[in-house]
Structures are given as C-alpha cells and as structure tokens.
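Visitor: Can you build the whole structure from these sequences, using the hints too?
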Amino acid sequence: MFNKHILTALLLLLLQTVAAPLCAATRVFLASRLEFTPALLDMLRRTLAKKIVVNDTIILQPFENSVAVREASGSMILLEQGMDNSQLPAEHVDLNVCVDLVWVLAASLRVPDLPPADSLSGEQFAGLLQTLKEQSPDRYPWFESLSSRVTLRNFDVVFAEAASATGVIANVAKLPFWQQSDSIAFLYRAIEEHYLNPFSIESDLGLAMNVFAAEDAMFVSHWVPAEFLDDERLCRENMGKVRLLPFPVLNNKKFLRIRLRLYGLPSVSSRSVEAVELSDDERFIDLDYKADSDWIEKKSADKYDALIVGGF
Amino acid sequence: MYISLRIKVISLLFLLISSLAFIFNESSTSLIQEKTREIFQQRIELLLASIRSYWDSEKNMLLNNAILYAESEKIINYSTYGLNNMLQREMERLIAKTGFYDLEISLVNGQIVSSNQYSSRRGLPIDLRDTRQNLSWITLQLIDGALFMRAEVPVHKLGEFIGRLSLRRKLDDTRLKRMARNLQAEVSLAVKEKLIASSLSESSRQALAGEHFRNNDRKEDIFTLKIAANVYSIGRVILEKTVESDPVLLYLAVSQDKMLSLLEEAQSQNLSVTVWILVATMLLSVIFSEKVLISRIRQIRDGANIIAEGDLSFQISSVSGDELGNLARSFNRMASNLKQNQDRLQHYIDRIEKLANYIQNILGSLRTSVITWNLRGHIETANNAAIQELGEFYGELEGLSLRRFVKKLKPQSRQEIFDSLRRLGDTGYDRQFDIELTQGEHSVTKVLQGNFSTLLDNDKKPYGFILTLTNITQRKIIEQQLYHADKLSSIGQLAASVAHEIKNPLASIKTLGQLLQEETEVGDSRREYIDVIVSEVNRLNGVVEQLLKYARPEGSSFCEIAFGEVIKPVLALVHHESERHQVVLVPDFQADLKVYVDPEKIKQVFLNLIFNGVQSMEKGGKIFVRAFKEPDSPWNVFEVEDTGCGMSEETVRRIFEPFFTTRQRGTGLGLAIVKKIVDLHGGKIEVSSEAGRGTKFKFYLPCRQER
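Here the protein sequences come in this chain order: A and B. Under the numbering used here, residues 1063 to 1374 are what the first sequence spells out, in order. Under the numbering used here, residues 1049 to 1755 are what the second sequence spells out, in order.
No lab work stands behind these hints: they were computed from the structure. Please read these numbers as outputs of a predicted model, since none were measured by experiment. Cβ atoms here follow ideal geometry from the backbone N, Cα and C, with glycine treated the same way. A few of these clues could be false.
If you only want the chain A side, here are some residues facing chain B, beta carbon under 10 Å, derived [claimed, not checked]:
#  : residue
1  : Ser1198
2  : Pro1199
3  : Asp1200
4  : Arg1201
5  : Phe1205
6  : Asn1259
7  : Pro1260
8  : Glu1264
9  : Leu1269
10 : Asn1272
11 : Val1273
12 : Ala1276
13 : Glu1277
14 : Asp1278
15 : Ala1279
Guide: Pasting the structure below:
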C-alpha cells in the first residue's frame, strides 16, 4: 500500500515536470547590428524581463538575416531602431517597449588609482595604461574586439563626435595615441605603444569579453543595457567589479547608444507588456543605423586594413 | 556370430575405448602442463622483449600530444599576447579533457604558465642562444616519490620561438593497471630501493617490494616468486634512467596459478569429457541392445499379438542368421500353417453357412408354418410362415412353451393336439389334425391343419418334434358357404315348387270365399268365418308371393342414383310404424353420396331391415341408418343398427336362412330376401349382435366403377 502511494506521487511529479516546460518559455527574436555574446544576451534578457510582464523564462534568439524575421510570426521581436521593419510579419505591431544598449569602456576596479569619476579623459586613460604597463611589462592592459566592424564604427563615431566637440582635427604622427584624432591612428598607436593588446585585431567581442573576464586585460569596450549605467548593483551582478565609462577619447563624456524596439502580436501588447517611455538623454550619442551600415559596407574594410598596415 | 558373444565383444570394445580416453586424458594433461610451463617461460621472454617497444610507444604518444598542444592556435596566441590567464584556462581545459597530469609553458620572458594555477610563476628568461631550446625530448622524473614521464617541445609563433611546452604524465598505479591490461601481465615500476607503482594487489605489491629491496644487483632476470598462495613468474628489465640517473626497473609478473588453474580446469574438462564418453558408451550399448535385440524381440511379440488377433498373414520382415533369425523363421512358418488351416476351415464354414442359408430360405419360403420344439416342450425355431400365422396370437414364438401354445386353442383343438402328440409318442407315427385359434371374442376364427413329426439327431435319437401347420380357414369358410348355399338353394327351389302347387288352389279358395261373402248377409254369424277364410287366403297368397319373389330369377335395373333418393321414401314409409313402436329413426349419410344400384331392390333391403329392427323393439329405441363411401376402398358401406334386444349366436348364424324366424307370424323370408338382393348386387352382408344391446347389419355394395 505504501509503495503504491509513493509510485502515484512520483507519477504525478513526473507528469508535472514533463508538462511544465511546454509553457515555461517566451521566445524573443533579436535583429540588430550587434554581435550578441552570451554575456550580452544574458544582460539583455534580464533587462527585458523587467520591461515585459511574462511569467515564463525569456529566450533571446538572434537572427542571422532579415529573411528569418518573417518566420518569427507568433513570437516577439526586438528590432534595432532604424532597421527595416517592413520585413516583420504583417500582424506584428510596435509594442512601445524599448531597450537601449550603450557602448561602454569597462574598467576593472583592480586598476590602481582608477578615479571615481563617471568619465575619464584620454590623458587619464593613457596614464592608467602607463601605470599598468609598468607593473606588468609583458602584459597588455587593454583589449578590444577590433575584428568586429561594429567596434571600428563605434570608434569612428565617437572620435568624430569628440573631434567636432573639441575642434581637434590634427593627426600628428608624433603625438601619443590618446592625442590622435583618427580612430584607426588612435588604435594603431595604442598597439604600437603596447597598451592595446595586438591580439585585439583578430578578436571578436566574445573573445574580448572573455579576456576581460579572465583579467588578462583591465580595459575592454563592449555593449551593455543603458540601465546598467545607473544601477551599480545590476552592473556588479552581471559584470563583476567594473566601472562603466564613456570611451575616453579626448574629452568625450557620452556613450554610444542604439535602441531596440519590441514588436509582437496585438494580443501580447494588451496582455503582457508594460509600455515604457524612454526619454532622450544628453549622455548618449544615438547611432544611425543606416549611416552606420553604409560606413560598414563602404569603409570598414579599408579602415581595418589601415589598422593592420599602419603607417600613420 | 552369437549375440551374447557379440555383446561381450562390443562391451569390451567400449570398455577399451573408455580406458583409452581416460589414459589419454591423464597423459595429455601432464603434457599440457609441461608445455604450458614452456609457453609461460616463452611468454615472459616475449613480454620482456616487447616491453621496450611498448614503452617507446607510450613515450611517443606523450610526445605527439605535447607537439599537438604546442601547435594549438589558442595556446600560441595566448602565449604570444600575454594572455596568461586565458592560457592557463585553456591548458586546464585540455588537461581535463585528456587526463594528463600537467601541462606547462615556459615563455621566453621567463614567465611560466602551468595548468596548475599555483604552479604559475616567473622563472629565468630562456636563453635564445641555446640551440637545445628548439629540440623535443622525453625524460623521467622522480618528484616527491612519484615517477613522471615528461615530454618537452618548443612552441613557435610564425616560426619565432616563443617558449617551451612540457606535458607530464604520472606513472602511478592507475596508469600501470592500464598497461597491465594491454600487456596481459602485472606491471610494476621501481626506482632505487623503492617500488614506485604497481598494478599488483597490495599484498603482492609488498612481497615484490620486499624482493626488490633484498635483491641488490638488480640486473635483468627472470625468476619465480611465491606470494601467499600464488606463484608468479617474474621478468625484470631496466627501462631507462631518470634525470637523476637512477635506473628505472620494470617488473613483469604473470601468475602461474592462473595458468595452473587453467590447467586444472582443462583437466577437469578432460575428466568430464571422459565421463561423457562413458555415458555415451552406455547410451550406445543401450541403443545397440535396443536396435539389435529388444526391437527384434518386440517385433516377434507384436507378430504374436497380431496373429492372436486373427491376422495370420503377418510375416516378420527382417530375418537375420542368428538365433533370433531362426526364431523369426519358425514364427513365420507357424503363421503360414495357421493361415492354411484357417483358410480350409473358412471354406467349410462358408459351405455350412451356405447350406444353412439354403435351408433357412426353403423354410422361409414355405407357406406352411414349421415349428420345432425341444423335448422340454419349448419352441426353438419358427419359420416366417409360422411367425406370420401365429404372431398375432402369441407374439414372440421362440421359447414359447407347449402349455402356453395350447392355451389359445379351443378345447376341441387342445384335445386334438394332445391326442396327436400322444399318438406320436406311442407309435412314432404322426396324425393330421385341425386346430382353431380365436383372438378376441368376436374375431374370426383361424383354422389350421397340422401334424407333428419327430426330430431325430444323427444317431436317430429324438431330440424334439416338428409341428407343421397349414392355414385352411378359407377352405373351411368356402366349404361352409357351399354347404349353406346348397341348403338355401334346395329350400328355395322346394318352396317355389310348393308355392306354385298351392297358388292355384288358393286362388280357387279365395274365389269361392268371395262368392260366399257376397251370398251371406252382413250380420250373419257365418259371414265372420267367411271373412277369416278370405283374409287368411290373402295372407297365404302374400307368403306365396314372397316365396316366388325369393326363388324366381328377376331382372335388375341398375342406375346411378343419389342415396338420399333411395332412403327417403323408405323412411317415409316406415315412419308411422316406427312412431307406433316409439322408435326414433336416425339417418346418417353423406348428402352427395352416389350409389349404383337397383333402387327398388335396395329400397326393399332397407325396408326389411328397418322393419326387423322396429319389431325387435317393443319398448321403443333407436335405429341408426348410415351410408358412406369407405375411404380408399371400392365399397359403399350401409349400416342399419338398432338398440333392440339382440340375438343369440345361433340365431345370428341362421338369420339369413329362408323360413327361419323368431316371430310367430313371420314368414322367415325377409332377411333371406335381403341377402339375396345384396348378393345380386355383388356385395356382401354381415351381422353382429349382442343379446340385450342390439343388432347391426352391415352390407357392402361395390361402387359403379368396380362393378
């Protein structure tokens, strides 16, 4: 009799565990310029979970191309603002939910004398690199994902903004890297001066983040949700002991930002999505998807070659 | 050859085979033991000879893995670009995947990164002028009592030397057990006085360690070592030296006990084989005896049973030349003789049966009943005629006693039977007699004529008697009818002649009487006498007329007529008479019944019969008049039945005789005329009567088509 009860209980438990996963996941497709690393996906997932009301686990699935967007009928889609939304399934509507991603320089808190400011100047950044290099001459304190065209474009935009803000337009070969006004020259000289790891040229964002996580570099740039900037706890939980800074180019104090908009079926909209209004912020430089795409298509290859060949 | 001798020889042969198998088992076991020892010795020698190549393959495998890791893109990049933590993680991943003990890279700048994170350290920068840095090698290292095999290879980035990678494997018990599985021998390693690692069990390892410690010269050797209950053949070889130049000794041990146990197992298997041979021998003996003896004996036994069951044609098929063969031949001869005798006997039986059937057929075909009695007075046989004749009286005849037989006979007949039997017993001669059988009170009596004769056996001694009976009932009836017809005919003719003679005088008397009536006055006393004379003369004339009607042949006028037209005038005619006698007439006939008769004569018949009935019922009663067509019969049946006083048997018997009457003023001619008319129609008339209950006349007249 006792065994019979146990067997019945086990059977019910088994049925429950078998049945549960069938309704325990909400799939959200992602379409953006970005290369989504596992760490970035996890951060994005946590952010999105706070914005939409679903009881299930959110599964983010990046698209390889726009053709697949049409195949995502029935699921929600996070589409980068500026991308062609005519490719979306006909029944999908804008759910009025946005997730902003910002491009930051992550600085390890193990960096000695790291100032507690919200931003660094190029000079401060160079000084910190200099200190680190002196401590470990065989190691490189800074790592980037320079094989990524998006990263190159980010540097290009941030340099363009900084240069226009400060009026610096000179490109002097003899100047230290941090005084360069051209992004490629900046990077090239940083490698040349052994601050930026040369392996960055072959690295994508995933490797760059791994190197940073393994503490083989003290600085790395990558994308994080904008909420991380103002939520230290959230940042620590996801990235460890780091400080997120605008990339220290000249006197730049702005973050590059892209916006992802959530699309889905109208029924989802009324049921499970809380509309969140995002206001513009002076801290951000909003990237233009079309312009960036054009740049990537037309100029990124030359810029990358220049980064390898040098000659500045 | 006699069977017993054959069995003995075969048994001896089987015994010899079994003994040979046993001896062969023993000798082969010894031989196997000796050969096994030799093979064992050779095996150790072969193992020792091959251990170096095996050892080299182990080293090469380690070296190849080290080269593989040194060429890993990640290893090279991480090493080149100072990503030490990434490098360490990658090395840990590789070690975890492959099971090697340690992976370490020494970079040119003196940085040493090891898969063991606590071993990462900074050493001296590599002297790039030392050309040995580009070489690969394998060394044995004794570190903290553990022996390591270490492969060291250079690492290059685009042809530029960037460091050296070393891959270490610990030669511990686990590794040696794996080697032992491959070599199929126990493997142990010793450096200096200490046994470093072994695949042996703990007790065996200690024993070997003791032996190693005691043996000072430590040269290569093959020896035997008894450890506890096990005996090991051990080969020892110096593999190479450690980096400290200490020789590394390898012990190869093979347990002889395992081999001996294998031998014992083989011996026991041989023993079991011997046992199986003996069992097989027994089985073969059983099969042989079954095949050669039992089956043949069984064949003879079965043959005897078959013959006992009556099949004398059976012959034993396979007949050999031995005793059983002789027995089988005798058996076949006996069966043949029995068969011949049986055929002859069957021939006689057939003839007897044929004769018996012939006699039976004769008796069965006879119309005379033939019954045989035994001396105890019981019927033994009766032919078909007897069964048909007497069956209705006695039922089953066979076994019927004489006493019961005569019980059915009339007293006169019984007397006849007993007289005849007495005469047969007294004189030996038979006597013909008639017997009458009666079934029921009113049934027709059956008259049989019979005689007894004595039944004699072959010695002429009586053992019974035969009764033959012939049915003469019909003959008797015809005789009776002839007699009666003659009698009636004579009476009729006599009466007719008398009537003819008295008719004229009566006419004269009547004429004279009428003259006297005319001459005599009414009221004259003589007138009354004269009236009586005339009246009586008239009555006499009526009698004479009837007599003449009876005797005179008359023409007939037959026609088909509805019976109703015949009977209705008759019923009307007798209506007053019947009422006067308080007699009710009950007609019962089919409305559509047609009869082919002389209507006037048949009316006469019914008139006579109904008047007879009315006059027999002084106190009233009923007269039933019936007419119907008898189904499936050529006859129309007519009945006149009264409920009067009935008649005695004697009266019935004489009822149709002319002038026979029971009434004082009857002429006795009415029913005689009735019978004559029925005879005239080709019919027949019956009368049945029971005193006090009434009389029934039943007459049959043929239908027209039958006439």
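Visitor: Taking the hints in turn, state whether each one holds.
Guide: Here is what the structure says about each hint:
{"no.": "1", "hint": "Ser1198", "in the structure": "8 Å, holds"}
{"no.": "2", "hint": "Pro1199", "in the structure": "9 Å, holds"}
{"no.": "3", "hint": "Asp1200", "in the structure": "5 Å, holds"}
{"no.": "4", "hint": "Arg1201", "in the structure": "4 Å, holds"}
{"no.": "5", "hint": "Phe1205", "in the structure": "8 Å, holds"}
{"no.": "6", "hint": "Asn1259", "in the structure": "5 Å, holds"}
{"no.": "7", "hint": "Pro1260", "in the structure": "6 Å, holds"}
{"no.": "8", "hint": "Glu1264", "in the structure": "8 Å, holds"}
{"no.": "9", "hint": "Leu1269", "in the structure": "9 Å, holds"}
{"no.": "10", "hint": "Asn1272", "in the structure": "7 Å, holds"}
{"no.": "11", "hint": "Val1273", "in the structure": "6 Å, holds"}
{"no.": "12", "hint": "Ala1276", "in the structure": "4 Å, holds"}
{"no.": "13", "hint": "Glu1277", "in the structure": "6 Å, holds"}
{"no.": "14", "hint": "Asp1278", "in the structure": "4 Å, holds"}
{"no.": "15", "hint": "Ala1279", "in the structure": "8 Å, holds"}
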